[in-house]
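These protein sequence lines map, in sequence, to chains G and Z. UniProt numbering puts the first residue of the first sequence at 1, with every later residue one more than the last. UniProt numbering puts the first residue of the second sequence at 1, with every later residue one more than the last.
Keep in mind that the hints were calculated from the coordinates and are not lab data. One thing to keep in mind: the hints can contain errors.
[Said to hold, decoys possible] Among chain G residues calculated to face chain Z with C-beta under 8 angstroms, some are:
#, residue
1, P39
2, T43
3, V151
4, A160
[Stated by the list, open to error] Derived list of chain G stretches under chain Z, where covered just means 3 residues or more per stretch with a C-beta under 8 angstroms from a C-beta of chain Z:
#, segment
5, 103-116
6, 136-145
7, 191-197
8, 288-299
This structure is a prediction, so every number in the text was calculated from the model and none was measured. C-beta: ideal position from N, C-alpha, C; glycine also.
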Amino acid sequence: MSLSAAIGQTPSPSPVVDAAVVRSPGYWTGVLRRLSRDPVAMTALVVIVLLLLMAIFAPYIAPADPSKGSMLRRLKPIGFPGYPLGADELGRDMLSRLIHGGRLSLLMGVTPVPIAFVIGSLLGITAGYVGGLTNTLIMRTVDVFYAFPSVLLAVALSGALGAGLTNALVSLTLVFVPPIARVAESVTTQVRGLDYIDAARASGAKAGSIIRVHVLGNVLGPIFVYATSLVSVSMILASGLSFLGLGVRPPEPEWGLMLNTLRTAIYTQPMVAALPGVMIFITSIAFNMVSDGLRSAMDVKS
Amino acid sequence: MLLYILKRILYVLPVAIGVSIVCFLLVHITPGDPLTAVLPVDATLELQQQMRALYGFDKPLPVQYGLWIWRVVQGDLGASIATGRPVTSEVFNAVKNSLALAAAATLIGFVAGAGLGILAGYFRGGWVDRIASFVSVLGVSVPHYWLGMVLVIIFSVQLGWLPATGGGPQGSASRSWDWDYLRFLVLPAVTMSVIPMGIIARTVKALVGEILNQEFVHALAAKGLTERGVFRHVIKNAAPTAFAVMGLQLGYLLGGSILIETVFSWPGTGFLLNAAIFQRDLPLLQGSILVLALFFVFLNLTVDILQAAIDPRVQRA
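Next up, chain G with everything else stripped away, as it sits in the complex (with noise of 0.2 angstroms):
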């Protein structure tokens, strides 16, 4: 999905899981087992893996400390004695500050996910499930939000709000809730109109137990695949916060604040200067096709 149109367009009015598919046991192991059988989706899984690994164990894996400059080694070029992928502008160690860079990057492009993933969905399953006015002041509330394109609402809000980790990640988080609660109010309403969910309720069972056991079971599904989707977007967003001087702040590596205090040096180390975009390229794409191999292996439709 896009970073315009996954939050963009009508976000696919009908994920719904093959109902049938879902209650009978095994489903999860064979999703699992359909993914594992997707040569694509499982290199981009390992690909992230690494990232994590990566940025988990950065003090230990950089060769040099990310923040320490040298006056006399600025913009050196790619494979440079001790500097194997260069110098950036303060003369310091770009492979250490790429590694040390995916902790924040990641940190930032993913954690807004999940958070909406969950706010998101019990405002659209709400919606969905209770119907009536719940629904309208609900769902209009979201449309107000979703009428803003995604990066200016995020630019908008953390524009607002001031530069920063944490007003990044809250903005980012806004931005992500309302095309979530959107597929999961379409999907809920699917749902509460089969056939199953009256037989449930003829049968005495409370309405508590209706949501957990027969709603939530058929419809965090296709929630979660759409969510998996926007893990790309966030990605391009947050390091494009950081990008304009929204998001993270230096000397703090990033790679979106990276390439944008490299940018005066296209000039003089133009593949130096590109690096950063290329690590945020790469774990964008990766999350892109595990989110793709997850919606065939779910068999969700979009």
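With the hints as your guide, set chain Z onto chain G.
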């Protein structure tokens, strides 16, 4: 049809009001007073009070909103704190530039994306299909601000074919539509077109695949219509949805151009927003976001109505 239009407008109005409330409140979630940015640090309490009264910040929020929206409806978005110029004219000058960029990008993205999508839909599973899927994934995964930098490195720094940044040889004020100006548009527009290209390719491919599976296509082929004749029918059926997606993309690109405009120093709304944020020019920030968001809302409305006009089935959905 008239009823449908009326219904759509009635649905959009509350959203538009909600959008204006969000834009209005943006200024009030900012830490500190909106005036701290302009007032000198040693301003007396009396001066602070005076300024607050001048901008109306001393009144309760609903009253402030009422006063603000009343002026907005009349086309007055206030004055920029940094420059003192009216926000309305600043925003509309920027919108013109952004619109030129977004329209060019949408056009490139649509032509390339639709071409790829049609080929991929026709030759499912073939190598064109694989290329198209690859392009769609790349298009939606690439950090476009980085792609912009890479294109600048290749075509401006290394090859020297196109200018790296800016809106024209003499700035954007005296725009004309000759090559001297258009060459400034090429790199940002191509960079931006990658986003709609992937989405449109994906949509068109799905549409063509779906239409080819429908009975009327088999019937057309069965009654002896040539391949080209069938093709024309497929295109005709896919067009409304494809154009709707294109229309929406234009809105996204206009609202989301800030990153690309920053990379290319393109004098559009993104550039204006950037300035507004870093100078803490809140009326300008508020005004430009409001204009962009409302533009997007009404573009959606227009696309919906046009789609319903072309394809009556939409009205019933």
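Q) So which of the earlier hints does this model not fit? A) Hints 1, 2, 5 and 7 are the ones this structure does not satisfy, whereas the remaining hints hold.
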